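Trainee: What follows is each chain in one-letter form.
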Amino acid sequence: MFKLDRKLILSASVFTAAALFVAGCAAGGLGFSKSNSTSAQVSIDGGVFYPAVNGKTGPYVLDTKAAAMKLNQGRIPTANEIKAWDTDVMADGTGLPEGSGSASEGSDIYDSKCISCHGDFGSGGGGYPSLAKGNAYTLHASLLSQRSEEGADGPVRVFGTYWPQASTLWWYIKDAMPHQMTDSLTNDEVYALTAYILQLNEIKIDGVLVESDYVLDRKKFLKIVMPNVDGFEPNIAGPNSLPGVRAYFANPANYGGQKVKPAERCMKNCQAATVKTVRVANGGINAFVPPMAIARDLPKVESKEFNAAKSYEENCASCHATKSMGAPAIGDAKAWKAVSAKGMAAVYKNGIDGINGMPAKGGTNLSDAEFNLVVDYIVSLSK
Amino acid sequence: MNNKDSLSNEKKLDRRDFFRKTAVLSATALAGTSIFAADDAAIMKNPEWAEKWGDPMTTNLYGVPSPYEHNVTRRSTELLSSGNFRASIAVTPLHESSGIITPNGLFFSRSHGGTAHVDPNEYRLMIHGLVEKPIVLTLAELKRYPSVTRIHFIECPANGGQEWRATQFNSVQFAKGFMASAEWTGVYVKTILEDLGIKPEAQWMLAEGGDSSKMGRTVPMDKIYDDAMIVWGQNGEALRPEQGYPVRLLLPGWEGNLCVKWLRRLEFAVEPWYCKEETSKYTDLKKTGKAIQHFYANEVNSTVTSPSPEIPWTDLKDGTVVEIEGLAWSGMGTITGVDFSLDGGNTYVQAELKGLILPKSWTRFSYMHTYKKGEKLLLTSRAMDDAGFIQPTIDQETSVMGVEAVYHRNAVETWEVTEKGEVNHVQIRS
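Protein sequence lines correspond, in order, to chains A and B. With the working numbering, the residue at position 57 of the first sequence is 57, and numbering never jumps. With the working numbering, the residue at position 99 of the second sequence is 1099, and numbering never jumps.
Read the hints as simulated data drawn from the structure, not as lab findings. Keep in mind that a hint or two might mislead.
As the list claims (entries may be wrong) - 30 Å max Cα-Cα, derived DSSO-like pairs, lysine-lysine:
1. B/K1143 with A/K204
2. A/K83 with B/K1287
3. B/K1143 with A/K65
4. A/K223 with B/K1143
5. A/K220 with B/K1373
6. A/K259 with A/K276
Unchecked claim - Residues of chain B clear of chain A, computed beta-carbon distances all greater than 12 Å:
7. A1037
8. A1041
9. R1086
10. G1099
11. P1134
12. W1204
13. G1233
14. P1246
15. D1318
16. E1323
17. G1331
18. G1344
19. K1360
20. S1366
21. S1399
To be verified - Covered stretches of chain A, as calculated for chain B (at least 3 residues, CB under 8 Å):
22. 76–88
23. 104–110
24. 116–123
25. 186–192
26. 206–220
27. 301–314
28. 328–338
Note that the structure is a prediction, hence the values are computed from the model and not measured. Backbone N, C-alpha and C fix where the C-beta goes; we use that ideal spot for every residue, glycine too.
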């Protein structure tokens, strides 16, 4: 019975796709207005596909005339424009530029630009993800772990153990890291950082363990096979992968979906005798910003005066609260004496311009005067 | 003639009925007044607004809510944030929401590098790859395409994702507010492709944002040929910066992060991209050790929104007839029904659906209840859609997915009403 249902769903989904593409060819367009079918069709996501029928899709009336007109807006981009924006790196290496860098160079860059958020040796911190937890090949087995019981260790989902493609790491570092000043690293620096992160995960390339002196380049990069490359479903690779994706989501058993005929759903005695009511433990997560409130009263008038202590907590504490983030910690008299050795004007300027891992003004929108007040606040507590 | 007569007869009957009922009511109320209650100062004394001029019509030319509504806001928490709330989320106050449209200022927002402020004059959208003719569009050129307007929710697939192992939020705003709904205006991507011509081997589209996080996602062509939109309008005005002003992608019913904000580039290709936010995150690790990638649609779901832990029943008197209200939604189709339970999902009855029932949209449901002081209840809702799906129990869902999936949790939600009328978020599981 189940098998039959599934077969029907599958054939319906194939029909949908075929109908779309055939209609597209026949009309010389994309075929979104020609179908007259009213039978239920399955979308690639396993849900309902609402075809355009008699000028409507679902409850919405379509302006099919307008949609089918050629408008020829815009202009053709220049080659340089495409090059400027098309910076993605695909799994087969498309878009990956030449360059090279060693893991030890990566370690130096990491310590100056990344450690404040990602912690020592990629251990994570301040809400930012960890990049490594040890040998990725060994830890890969942890993906089978479930924290169903109190105290159990969960799956380790870091770059080495979880990500299917190394291309993602290179592309992401190049385009979106460091978080506060993206697009600031050279290709060689990205190769070096990638090598360092591979080293932290104890990854082997072509049988060779990535160690400090390992120099990563494009050719070696393309040989990386991540431990979890086969860890994902459905398959999306290859020139004809969409039918497999459609089939996967047409089968609710793959993702825990429940299908039922309305008349057959449970209305009485639906629960096993063993079920229990689980409540939020210890108040749960309730540190909301702003705190929860429902009163219909007039808001308290906040003091318009600039509050350096508050600004420090909001903008600076995540890096300056402790030494572990690489930044001079608040209260560390020695560190701040060194920082202010060349006078406060230099401290202000460095902070306003950005220095080491710190972006300009710490990534805040403070005015120069406000920023300097926050610096004064930190220094006053670090004597 | 006969019709008219019968109509007027009915009217007369109605009126007589009405007078009779009024008479009864008047008698109980001792000839129309109460001698027991004290006079209400809110009636007896005119407040200032009733006697003095109000603001001129030139005040607040872009309207703002009454200051008394200042607690109705999005909220965030550091536990779901990094970078001082730059990679973070601010969630919608569902306990204060009505209908199926969220005001733009309360629309949940999730970003990976903070809210970018894009100059619309410098905005460009580039479309290239496996198209016959690549193009660059300005905002004005984009808006010249024939517009389409649709009502859809956008939901983060991590809505409820913190609660696979146990309930953690005693709040409907945080337990279910990683979503909101709006009327969107834009153009179907397929309408633009009519102009450009798509090469038949194209299977995937990369959508990439222009903000500092360069959020990217790979979209299958099926969605492009179906209902994928590029939108610039939200509830009759421009998108808010938090929603990707001036332009975002809208994939109705699909994961919020697929609806890329500050959209700047679409590229078409044979192979998918493996973006960071579709591999390291937004993938569902199952108990088999395999993870679902490209899990597109937000599945059928529902929750009671009133009462809530935020606005409980502690002030209800015995015998009060009270409306229990909630939201049902499905990214895979249209809501066909919602079942409602007072005992945590052991016994269900059908709830009433209210208002517009649209595909891939919020749908309101309602159940009228006569409150007994001191009663203990477990309020559970269970929605169904026209794709044939019904919400699973927690046990059914975890039996397939385990407890480490993070995303796409759509098992039934339960809200406990205590003897005192307080409301708690609970889970019924074995």
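Trainee: Can you tell me if the segment 206–220 of chain A counts as covered by chain B, using C-beta to C-beta distances under 8 Å and a minimum of three residues?
Mentor: violated (count 0)
Trainee: Just checking, B/S1399 versus chain A, shortest CB gap more than 12 Å?
Mentor: At about 7 Å from chain A, B/S1399 fails to clear the 12 Å cut-off, so the statement is violated.
Trainee: Residue count check for the segment 328–338 of chain A against chain B: does it reach three with CB-CB under 8 Å?
Mentor: violated (count 0)
Trainee: Examine each Cβ of chain A, and state whether all of them lie more than 12 Å from the Cβ of B/P1246.
Mentor: holds (15 Å)
Trainee: Does the no-contact call for B/G1331 survive, Cβ to all of chain A over 12 Å?
Mentor: violated (7 Å)
Trainee: Can you confirm whether the C-alpha distance between A/K220 and B/K1373 stays at or below 30 Å?
Mentor: violated (72 Å)
Trainee: Take the segment 76–88 of chain A, compare each residue's beta carbon with every beta carbon of chain B, and decide whether three or more fall closer than 8 Å.
Mentor: holds (count 7)
Trainee: Far enough from chain A: is every CB of that chain over 12 Å from the CB of B/A1041?
Mentor: Nearest chain A Cβ is 17 Å from B/A1041, so the label holds.
Trainee: Does B/A1037 sit more than 12 Å from chain A, CB to CB?
Mentor: Its Cβ never comes within 12 Å of chain A, the nearest being 23 Å, so this holds.
Trainee: Taking the shortest Cβ-to-Cβ distance between B/W1204 and chain A, state whether it exceeds 12 Å.
Mentor: violated (8 Å)
Trainee: Would the pair A/K259 and A/K276 pass a check requiring their Cα atoms to be no farther apart than 30 Å?
Mentor: Roughly 25 Å between the alpha carbons, so the hint for A/K259 and A/K276 holds.
Trainee: Could you check that no beta carbon of chain A comes within 12 Å of the beta carbon of B/R1086?
Mentor: violated (7 Å)
Of the numbered hints stated above, those contradicted by the structure are hints 1, 2, 4, 5, 9, 11, 12, 17, 18, 19, 21, 23, 24, 25, 26, 27, 28, listed in ascending order.
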